[in-house]
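> If you read the protein sequences in the order shown, they are chains A and B. According to the numbering used here, the first sequence is numbered sequentially starting from 1. According to the numbering used here, the second sequence is numbered sequentially starting from 1001.
Keep in mind that the hints were calculated from the coordinates and are not lab data. A few of these clues could be false.
[Said to hold, decoys possible] Cβ-to-Cβ under 8 Å is the rule here; a few derived chain A residues that face chain B:
{"#": "1", "residue": "ASP17"}
{"#": "2", "residue": "SER26"}
{"#": "3", "residue": "ALA34"}
{"#": "4", "residue": "TYR49"}
{"#": "5", "residue": "PHE62"}
{"#": "6", "residue": "TYR91"}
{"#": "7", "residue": "THR97"}
{"#": "8", "residue": "PHE98"}
{"#": "9", "residue": "GLN100"}
[To be verified] Each computed DSSO-like pair below joins lysine-lysine, with the alpha-carbon atoms no more than 27 Å apart:
{"#": "10", "chain 1": "B", "residue 1": "LYS1023", "chain 2": "A", "residue 2": "LYS39"}
{"#": "11", "chain 1": "A", "residue 1": "LYS93", "chain 2": "B", "residue 2": "LYS1108"}
{"#": "12", "chain 1": "B", "residue 1": "LYS1108", "chain 2": "A", "residue 2": "LYS50"}
{"#": "13", "chain 1": "A", "residue 1": "LYS107", "chain 2": "A", "residue 2": "LYS50"}
{"#": "14", "chain 1": "B", "residue 1": "LYS1019", "chain 2": "B", "residue 2": "LYS1108"}
[As the list claims (entries may be wrong)] Per label pair, the in silico range of CB-to-CB distance:
{"#": "15", "chain 1": "B", "residue 1": "SER1115", "chain 2": "A", "residue 2": "ARG61", "range": "38 to 46 Å"}
{"#": "16", "chain 1": "A", "residue 1": "SER14", "chain 2": "B", "residue 2": "THR1087", "range": "38 to 46 Å"}
{"#": "17", "chain 1": "A", "residue 1": "PRO59", "chain 2": "B", "residue 2": "SER1017", "range": "28 to 36 Å"}
Even glycine gets a Cβ: it sits at the ideal position worked out from N, Cα and C.
As a plain string of letters, each chain reads:
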Amino acid sequence: DIQMTQSPSTLSASVGDRVTITCRASQPISSWLAWYQQKPGNAPNLLIYKASSLESGVPLRFSGSGSGTEFTLTISSLQPNDSATYYCQQYNKSPFTFGQGTKLETK
Amino acid sequence: QVQVVQSGPEVKRPGASVKLSCKAAGYNLINYNMHWVRQAPGQGLEWMGLINPSGGSTSYAQEFQGRLTMTRDTSTSTVYMELSSLTSDDTAIYYCARGGDFMDVWGKGTTVTVSS
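The following block holds chain A by itself, in its conformation from the complex (with noise of 0.2 Å):
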């Protein structure tokens, strides 16, 4: 399987703060990488598809980036309600991994 991993784990950040949120898969996956955001008692949420095509109806402050195994998603300038924990997904070989998640505090 591969293995997807995120860092950092938690992270907090000040409003209209630039944050990043990394993810590295265990083996190259293209482009096939996606990007979602959970609530607290909500279902996630997707932002980002194919490593870095926008979502419809998602803010354009989220962006993605990457190719290969090393993935970024970022805010360019952080919102109160950003507060989610942030999950990667690759998809380019079943099981379709997800990363632990990255939960983004807004101070």
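Starting from the known structure of chain A, fit chain B onto it as the hints suggest.
What follows is chain B alone, placed relative to chain A:
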């Protein structure tokens, strides 16, 4: 409005089976895979498997092989996920989610509690 509507909460005894449903609304079920993902209390997301509702083919994560079955009923636009030989480790929220390979529409989740 495109959505997937999941069945209600379940409480099961260890050793029992649970069968959850997920109904596609606002789109044609057979045009997208349906994934199942679970989340144990306070834990991350775990991909369980998917079903292609068009032909019924499935792909399951290895750790669930032998006790996980996904089926579909195209006449009611519904997919089902049955998990057998339940233990307390199966206590979780179970999500179904529409997708090709990534998941763009998620259900609200079904809580399954396994307790004696």
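> If a hint holds in the structure, say so; if it doesn't, say that too.
Verification of the hints:
1. ASP17: A:ASP17 check fails; min Cβ-Cβ to chain B is 24 Å, beyond 8 Å.
2. SER26: violated (15 Å)
3. ALA34: Hint holds; A:ALA34 Cβ to chain B Cβ min 4 Å, cut 8 Å.
4. TYR49: A:TYR49 check passes; min Cβ-Cβ to chain B is 5 Å, inside 8 Å.
5. PHE62: violated (15 Å)
6. TYR91: holds (4 Å)
7. THR97: For A:THR97, the interface hint holds, since the closest Cβ of chain B sits about 6 Å away, which is under 8 Å.
8. PHE98: A:PHE98 check passes; min Cβ-Cβ to chain B is 4 Å, inside 8 Å.
9. GLN100: holds (5 Å)
10. B:LYS1023 <-> A:LYS39: holds (23 Å)
11. A:LYS93 <-> B:LYS1108: holds (26 Å)
12. B:LYS1108 <-> A:LYS50: holds (24 Å)
13. A:LYS107 <-> A:LYS50: violated (30 Å)
14. B:LYS1019 <-> B:LYS1108: holds (16 Å)
15. B:SER1115 <-> A:ARG61: 38 to 46 Å: holds (43 Å)
16. A:SER14 <-> B:THR1087: 38 to 46 Å: holds (43 Å)
17. A:PRO59 <-> B:SER1017: 28 to 36 Å: violated (42 Å)
Checked against the numbered hints given earlier, this structure breaks hints 1, 2, 5, 13 and 17; the rest are met.
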